[in-house]
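Residue numbers (this note's numbering), protein chains in the order written: chain A, 44 to 478; chain B, 232 to 381.
Everything labelled a hint here was simulated from the structure, so no lab data went into it.
Each hint should be verified, as a subset may be incorrect.
[To be verified] Just so you have them, the derived chain B footprint on chain A, three or more residues with Cβ under 8 angstroms: (1) 68-77; (2) 81-91; (3) 101-109; (4) 214-223; (5) 281-294; (6) 390-398.
Note that CB positions come from ideal geometry on N, CA and C, so glycine has one too.
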Amino acid sequence: MMTNLENLKIKLSQEELDLLHGSQGPTMQKVMKTVVLYGEALEAGRLADIEGPGHFVIPWSSPGIAPPIELLEELANAGLKTKFPFTLDPKPPFDFENLYVRPEEAAAIEAMYRNQARYDELMIQLGLRDQDAYTCNPYQPDVGNIPERDTILAWSESACAVYANSVLGARTNRNGAIVDILTNIVGKTPLAGLLTDEGRKATWLVEIMTDNLPNPQLLGAAIGMKVFEDIPYIVNLDRYLNPELDAETTDFLQEMGTACATYGAVGLFHVENITPEAADFGKDLLDPGFQTYVIDEHELQKLLDSFPLLWTDENARPERCYIGCPHLSLRQLYWWADAIHAALKIHTKNRLEIDTVLCAAPKVLEKFKEDESVYFQLNEAGVKFSPACSETIFETRLCTGRPILTNSTKLRAYTTARFLPDEVLVEVLVTGKVD
Amino acid sequence: MRKTFTGRAILPANLAGKALVSRRGFNAYASFFNSLHDDAKSAECADSGNTDLFGRNMTDKIICLPKTSGSTSAGAVWQRVAGLGVAPKAMLFAHSIDSLAAGGLIVADIWTHHRICTVDQLGEDFLSAVKDGDWLEVREDGTVTIISPQ
């Protein structure tokens with residue numbers, strides 16, 4: 044029976060045992076108990092020291108999704124703080140003017156996040172890096188939470204954990220909200236799963252047999268649904284992506300990884316000749332008993348066709364579009380600027396037919412807005428920019444079933460928004476018509 | 232027909248209830264998405280991607296599943312649905328518990344004092360044997376007995 048602390052299998056140091064027995068007070072004792080039982084559940088041999096800043100999944104005070112204020116106050120009142128300063132997922136959607144929300148949605152958002160000011164204060168007390176440290180793309184150069192390879196971390200946000208593991212080569216398990224803060228306060232995380240060499244072996248060989256670079260969000264969803272929580276070793280993407288991990292490659296991998304994590308529970312993927320461990324060890328990363336999954340255009344089309352349309356009126360004219368779940372990089376902002384500009388030109392229009400929002404980190408948006416001509420042009424076309432998380436708008440339940448579009452398979456998975464691939468979406472934004 | 236399986240009791244309890252079976256990964260965040268508000272009276276599965284459970288009431292049921300999947304936001308969801316009284320009675324995992332479910336369920340137990348009985352490592356055979364509506368008896372030593380409806 045696992046909750047009996049007398050019969051633990053996990054090996055604890057004297058310092059850890061002292062914490063478990065209350066050497067630093069009752070709150071730290073409760074924190075340590077949670078971390079130890081978490082380690083025991085994951086069958087960790089011991090706890091490992093956390094070596095770098097955290098990135099956590101919940102920046103919002105909305106009840107049910109956020110850690111309860113009472114819990115955070117208990118931690119803060121005990122003077123507890125994370126070992127390293129952390130970054131957080133995107134800000135709550137308070138910038139109503141940027142998000143095309145209706146007045147009733149704005150009122151519901153204000154009510155839902157009524158404790159946000161207190162929540163923000165507590166996050167700073169508990170170790171939040173600064174007021175701009177809010178994004179689900181924290182490894183953008185302008186944000187700067189970029190762990191080095193092999194650094195032991197305890198991150199949450201599934202999209203970020205899979206990126207840190209796969210593209211940066213750091214080591215973190217997929218920690219959930221609340222346990223993320225608690226492990227980073229102790230400065231220790233269970234040595235299990237993706238923190239170990241054995242836990243980073245691939246059990247799936249995924250062969251990409253498409254004629255062109257596939258849509259990363261569809262590809263990630265397909266992989267996630269097939270391999271679930273296993274680790275895929277993906278081949279043939281190096282036909283289309285630069286092994287030097289340039290911005291185009293890292294953006295692709297970020298989108299793909301986000302979808303892998305959403306549709307399955309993938310915490311790590313290897314891409315042959317591209318991601319650091321695959322570049323070093325190649326197919327030695329494959330477990331001998333691996334299974335194979337072949338992905339071609341037909342497989343991706345089948346997946347796209349399987350997404351149900353959850354709009355109340357299936358034939359409604361789209362009213363809004365949210366792009367940037369996960370947050371866009373600077374390169375992606377420019378991609379959308381160019382694509383929208385080109386499509387408007389083809390249709391001899393100046394303005395999009397659908398209210399459109401591009402979401403990105405505060406620091407990335409700040410940099411993009413420095414390019415005044417491009418920014419002004421997009422503004423004139425009806426595009427707005429927000430550092431918020433579009434998904435949170437749906438938590439009011441006032442958007443449920445409304446004709447809202449997205450380029451995100453993640454947003455589609457959690458809401459009633461309709462997914463369209465980027466190139467199709469641009470056309471729809473300009474014409475206002477969906478086939 | 233009675234069939235007994237033995238797993239590992241992570242959050243032990245003695246209880247009985249009706250099975251609700253997810254043959255695929257249970258996305259806790261998506262499943263409880265519509266059940267987190269203050270006036271939630273029950274938890275109907277909101278995950279349209281889970282054809283086994285979509286629209287089904289999960290409150291007080293015993294969810295049988297391989298593992299959980301999806302967003303790490305689910306960590307806080309467990310303590311919320313437990314606190315609102317709309318949580319499942321138990322979570323029975325065929326495989327070893329995943330980090331997301333482990334963290335969320337343990338936090339709910341220690342910090343909000345609401346136990347959702349949790350047993351893992353029940354095996355694929357368990358998931359093959361159990362059917363929706365089966366009556367299940369769960370013991371604190373991690374044994375689970377399936378009692379099929381007469």
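Check: Within the assertion that chain B covers the stretch 281-294 of chain A, do at least three residues meet a Cβ-to-Cβ distance smaller than 8 angstroms?
Finding: violated (count 0)
Note to self: If you count the residues of the stretch 214-223 of chain A with a beta-carbon closer than 8 angstroms to a beta-carbon of chain B, do you get 3 or more?
What the structure shows: holds (count 8)
Next item on the list: Apply the coverage criterion to the stretch 81-91 of chain A and chain B: a residue qualifies when its Cβ sits closer than 8 angstroms to a Cβ of the chain, and three qualifying residues are needed.
Entry: n = 4 at 8 angstroms, threshold three: holds.
Next item on the list: Please count how many residues of the stretch 68-77 of chain A have a CB within 8 angstroms of a CB from chain B and say whether that reaches 3.
Entry: holds (count 3)
Item checked: Outcome, coverage hint (the stretch 101-109 of chain A, chain B; C-beta under 8 angstroms; three residues) -> holds (count 6)
Margin query: Between the stretch 390-398 of chain A and chain B, are there enough contacts, at least three residues with CB-CB distance under 8 angstroms, for the coverage claim to hold?
Written below: violated (count 0)
When held up to the earlier numbered hints, the structure conflicts with 5, 6 and fits the remainder.
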